[in-house]
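S.K.: Sequence:
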Amino acid sequence: MSPRVLISDALSPAAVAIFKERGVEVDFQPALGKDKEKLAAIIGDYDGLAIRSATKVTQKILENAKNLKVIGRAGIGVDNVDIPAATARGVIVMNTPFGNSITTAEHAIAMMFALAREIPAADASTQAGKWEKNRFMGVEITGKTLGIIGCGNIGAIVAERALGLKMRVIAFDPFLSPERAQNLGVEKVELPDLLARADFITLHTPMTAQTRNILSAENLAKTRKGVRIINCARGGLVDEKALRAALDAGRVAGAAFDVFVEEPAVNNPLFGHPNVVCTPHLGAATNEAQENVALQVAEQMADYLTRGAISNAVNFPSITAEEAPRLKPFIALAEKLGSFAGQLTEAGVKKLTITYEGHVGELKTKALTAAAVAGFLRPMLSDVNVVSAPVVAKERGIVIDEVTRAAEGDYDSLITLTVETEKQTRSVAGAVFNDGKPRIVEIKGIKVDAEFSPAMIYVSNEDKPGFIGRFAGLLGDAGVNIATFALGRDAEGGSAIALVGIDGEAPDVVFAQILALPGVKQAKALKF
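In numbering that gives the first Met the number 0, the protein residues as written are 0 to 527.
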């Protein structure tokens with residue numbers, strides 16, 4: 000029997016044709032995504048579900064999806080899919096991460112021009128029968144400095160276009176290597192430098208804990224007077240109320256926004272300001288982009304349903320069914336080691352080396368490396384997945400090295416992740432124990448034995464008597480319950496490490512108190 004796919008959002012007819020050409024039956028119901036009850040009632044009859052943003056794939060929908068094997072999202076964002084619920088049911092979730100790149104970059108450039116020359120306001124005035132030639136005094140783009148926050152796939156395209164417009168381009172991106180910046184023709188800078196120098200600032204970073212309100216009231220106060228700000232990436236990267244205040248005060252000359260904290264945006268602090276240009280999330284709204292993502296998602300889903308090939312999956316690596324049982328615990332270990340290193344890395348990354356010792360080196364290490372790189376990048380780039388991670392790393396000029404060798408120590412299989420940044424090189428190693436659970440066994444050359452917990456506290460300190468008691472006392476006083484506690488040191492009185500699993504989350508004030516303890520070098524909250 001041929002596999003069946005339901006298309007519940009408006010996709011290009013070309014996608015329907017591709018499914019049929021590949022031997023997949025298609026049920027095209029572009030308005031169904033808005034009817035949750037009807038979707039839940041019929042989803043059990045399909046092997047695949049192709050969607051855009053209107054369809055919300057909730058846990059309830061998935062509970063009824065008895066035969067569903069794959070969900071294909073035409074576009075990059077998968078926040079309308081309950082990925083943990085899909086993963087628990089063994090449903091592959093695919094997206095098309097690069098289909099909208101050029102379109103979104105071009106929209107950012109268009110918004111910059113509209114802002115610089117006040118085109119929307121001038122159009123409205125002229126069509127109202129006025130002739131206010133002296134009112135709309137714009138600024139030239141040529142020779143101005145464009146600051147790009149987030150120089151990944153889209154940011155790099157914006158940089159290329161801006162350089163063609165004879166702008167000077169500076170970029171802030173912790174994952175952008177100096178070599179990649181040089182190849183792009185941009186100057187890599189830290190955020191304070193970008194804020195102080197840029198005439199225009201455009202944002203092209205995903206929404207993560209680190210990037211939320213990256214243009215806060217505090218950072219907006221550090222910008223060059225008269226700066227113009229463009230956001231075609233994600234709502235919430237800019238504090239909208241603080242930006243309105245900066246616009247009213249004249250510090251920010253103008254803003255052009257395609258994305259907002261709340262969408263659809265009916266009321267917004269930016270609305271009504273004469274120097275603000277707004278569009279209704281049009282970054283991907285071109286015929287070419289819609290066609291590209293529709294074709295890509297149809298090809299990916301058809302390949303999976305007819306041949307078992309997995310492309311651009313956000314919740315599963317590209318491995319076969321036979322390899323999965325052996326790889327699964329090591330994939331979890333690699334991802335968690337990457338996440339551990341990524342959460343502790345702040346400087347620009349030059350190179351990641353993943354070393355496989357023993358039997359693990361005989362497995363499909365590319366899948367393990369992809370998991371490690373995805374885990375490493377995810378703290379800053381929430382949309383990255385095990386398939387796109389190597390491409391994203393390459394775009395940022397991060398060299399990825401794999402090394403396999405025979406077991407040399409206490410473990411039959413050992414994975415070591417070494418991060419080389421512009422400032423330092425450090426490693427973390429892990430193993431899978433007989434219980435199938437991944438553990439950290441070495442950090443920066445210091446031996447430990449630590450289980451991974453959903454919430455952890457990492458502390459680097461000097462080995463001094465009384466530290467453990469004071470540290471544990473601070474957690475107890477704050478009502479933080481300790482689930483696991485692992486310690487290690489390189490020598491008596493030397494460098495030491497504490498890695499503590501906790502229930503819930505520790506208040507920020509606790510970390511300030513930990514850092515105030517004698518000999519403490521670093522204290523960091525980690526999540527897995």
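I should point out that these hints are in silico values taken from the structure, not numbers from a laboratory.
Backbone N, C-alpha and C define an ideal beta-carbon position, used for all residues, glycine too.
Careful, some of the hints might be misleading.
[As the list claims (entries may be wrong)] With a straight-line Cα cutoff of 30 Å, these simulated BS3-like cross-link-like pairs (lysine-lysine) come out: (1) K143 <-> K132; (2) K422 <-> K463; (3) K129 <-> K165; (4) K143 <-> K327; (5) K55 <-> K33.
[To be verified] Restraint-style ranges between C-beta atoms, simulated for each label pair: (6) Q423 <-> P191: 32 to 42 Å; (7) L162 <-> P12: 18 to 28 Å; (8) A284 <-> A406: 53 to 63 Å; (9) G472 <-> L162: 49 to 59 Å; (10) A490 <-> E62: 54 to 64 Å; (11) L281 <-> R325: 17 to 27 Å; (12) P506 <-> A406: 34 to 44 Å; (13) R88 <-> T125: 32 to 42 Å; (14) R404 <-> N433: 21 to 31 Å; (15) I118 <-> D502: 51 to 61 Å.
S.K.: Checked against the structure, which of the hints given earlier come out wrong?
M.R.: 3, 4, 6, 7, 11 and 13
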